[in-house]
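Undergrad: Residue numbers (my numbering): 51 to 360.
Hints may be right or wrong, so weigh each one.
Claimed, not checked - Using C-beta positions, here's what the derived DEER-type ranges look like: (1) THR110 x ASP239: 44 to 54 Å; (2) VAL187 x MET360: 38 to 48 Å; (3) PRO113 x ALA240: 37 to 47 Å; (4) THR186 x SER263: 33 to 43 Å.
The set of hints was computed from the structure by calculation and includes no laboratory data.
C-beta: ideal position from N, C-alpha, C; glycine also.
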Amino acid sequence: MTTSINSKHSRRALWLASACLAMAALAGCTGGGVTGAVSPVTPSGGGGGGSSGGGGTTVTNSPYLLYASNYVAYAAPASIPTNGAYLHSIQNGDVYAGFGGLFQYGCYSFDQPTMDKTQLYGVQGQANGDGTSSCTVIPGATATSSSDYMDVAILAPGTNSTTKTAVTPFDISQSGTLLIQMGQLAPPDATHSNANVFTIVLSNDTSLAGDGSASTATCAYDQTLTAPVGPNSVTSAQGTLNYAIPLNSFTCTGSGWPSLSVIGGLKGSMTTLQSTGVTRLYIWISGDKNPGIKMGEFDSIAVGYVGFTM
Numbered sequence: 051m052t053t054s055i056n057s058k059h060s061r062r063a064l065w066l067a068s069a070c071l072a073m074a075a076l077a078g079c080t081g082g083g084v085t086g087a088v089s090p091v092t093p094s095g096g097g098g099g100g101s102s103g104g105g106g107t108t109v110t111n112s113p114y115l116l117y118a119s120n121y122v123a124y125a126a127p128a129s130i131p132t133n134g135a136y137l138h139s140i141q142n143g144d145v146y147a148g149f150g151g152l153f154q155y156g157c158y159s160f161d162q163p164t165m166d167k168t169q170l171y172g173v174q175g176q177a178n179g180d181g182t183s184s185c186t187v188i189p190g191a192t193a194t195s196s197s198d199y200m201d202v203a204i205l206a207p208g209t210n211s212t213t214k215t216a217v218t219p220f221d222i223s224q225s226g227t228l229l230i231q232m233g234q235l236a237p238p239d240a241t242h243s244n245a246n247v248f249t250i251v252l253s254n255d256t257s258l259a260g261d262g263s264a265s266t267a268t269c270a271y272d273q274t275l276t277a278p279v280g281p282n283s284v285t286s287a288q289g290t291l292n293y294a295i296p297l298n299s300f301t302c303t304g305s306g307w308p309s310l311s312v313i314g315g316l317k318g319s320m321t322t323l324q325s326t327g328v329t330r331l332y333i334w335i336s337g338d339k340n341p342g343i344k345m346g347e348f349d350s351i352a353v354g355y356v357g358f359t360m
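Assemble the whole structure, with the sequences as input and the hints as a guide.
TA: The structure is reproduced here in structure tokens:
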């Protein structure tokens with residue numbers, strides 16, 4: 051069965067395709083709203099030792115967090131939430147695909163059996179495409195400007211409610227590294243996968259619109275995709291792999307990411323983001339970061355687990 055998914059701007063169809071790695075597990079997961087550092091807690095019935103009995107356990111926020119994994123398509127149409135998503139993580143964070151400029155939906159995205167098998171969500175875009183099911187190329191300039199982009203946005207856990215009016219931040223105050231499984235789905239050639247720079251964006255925008263109107267911090271990092279490893283990897287430099295990205299590698303100011311103006315642009319600092327929490331993670335392909343994109347080519351974004359660690 052083919053399902054549809056909604057981007058930030060319009061709905062799109064899900065498709066069946068093959069992909070690569072299974073999801074890696076994260077241990078010691080937690081999350082939720084941002085409260086800063088948690089004071090030590092002694093469970094009821096415990097004590098401080100001595101004759102009162104019990105050992106007492108101190109509990110603090112963990113740096114080891116699972117943000118998203120195991121993607122699930124909503125059953126249409128009754129269960130589609132009011133915020134328009136057609137897909138969510140098993141942690142109940144809605145997922146969107148977006149396209150802009152000369153990048154359009156590219157006729158393919160994963161259906162539920164493929165997401166279950168691969169533990170990935172994948173969607174394809176087309177440079178110079180017409181955005182229809184025929185994927186007809188519209189001749190013209192190549193899709194290599196900052197206004198030409200495709201992205202996948204994963205909202206923080208707990209956002210797939212029909213009554214949600216804002217996105218609750220996910221506490222990363224104790225973490226120092228982003229863990230993400232991502233990549234392309236096909237080897238590069240004359241018509242596929244010549245975008246090898248994925249921009250990762252972290253934002254604290256609490257608005258459902260995701261336009262940056264309620265953000266005080268948005269930070270970006272450009273990850274060049276590297277060669278995959280393992281027997282089940284796509285045999286290309288763009289294969290789906292696991293990346294560990296220190297949070298202090300992100301940039302939160304400057305003019306180097308003009309494509310991100312549609313989500314409010316860069317602002318704030320990583321210190322602000324860590325203290326207020328993350329509401330959205332974007333995986334972004336922009337034409338200006340990928341000058342090798344060819345007329346009419348197909349590029350894809352595949353994502354598996356997303357987490358944080360020390």
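Undergrad: The hint says 38 to 48 Å between VAL187 and MET360; measuring C-beta to C-beta, is that right?
TA: holds, 46 Å
Undergrad: Check the following: the C-beta atoms of THR110 and ASP239 are separated by a distance inside 44 to 54 Å.
TA: Since the Cβ atoms of THR110 and ASP239 sit about 50 Å apart, the hinted range of 44 to 54 Å holds.
Undergrad: Indicate whether the distance between the beta carbons of THR186 and SER263 respects the range 33 to 43 Å.
TA: Given about 35 Å between the Cβ atoms, the range holds.
Undergrad: Falls inside 37 to 47 Å, the C-beta gap from PRO113 to ALA240?
TA: holds, 44 Å
Checked against the numbered hints given earlier, this structure breaks none of them.
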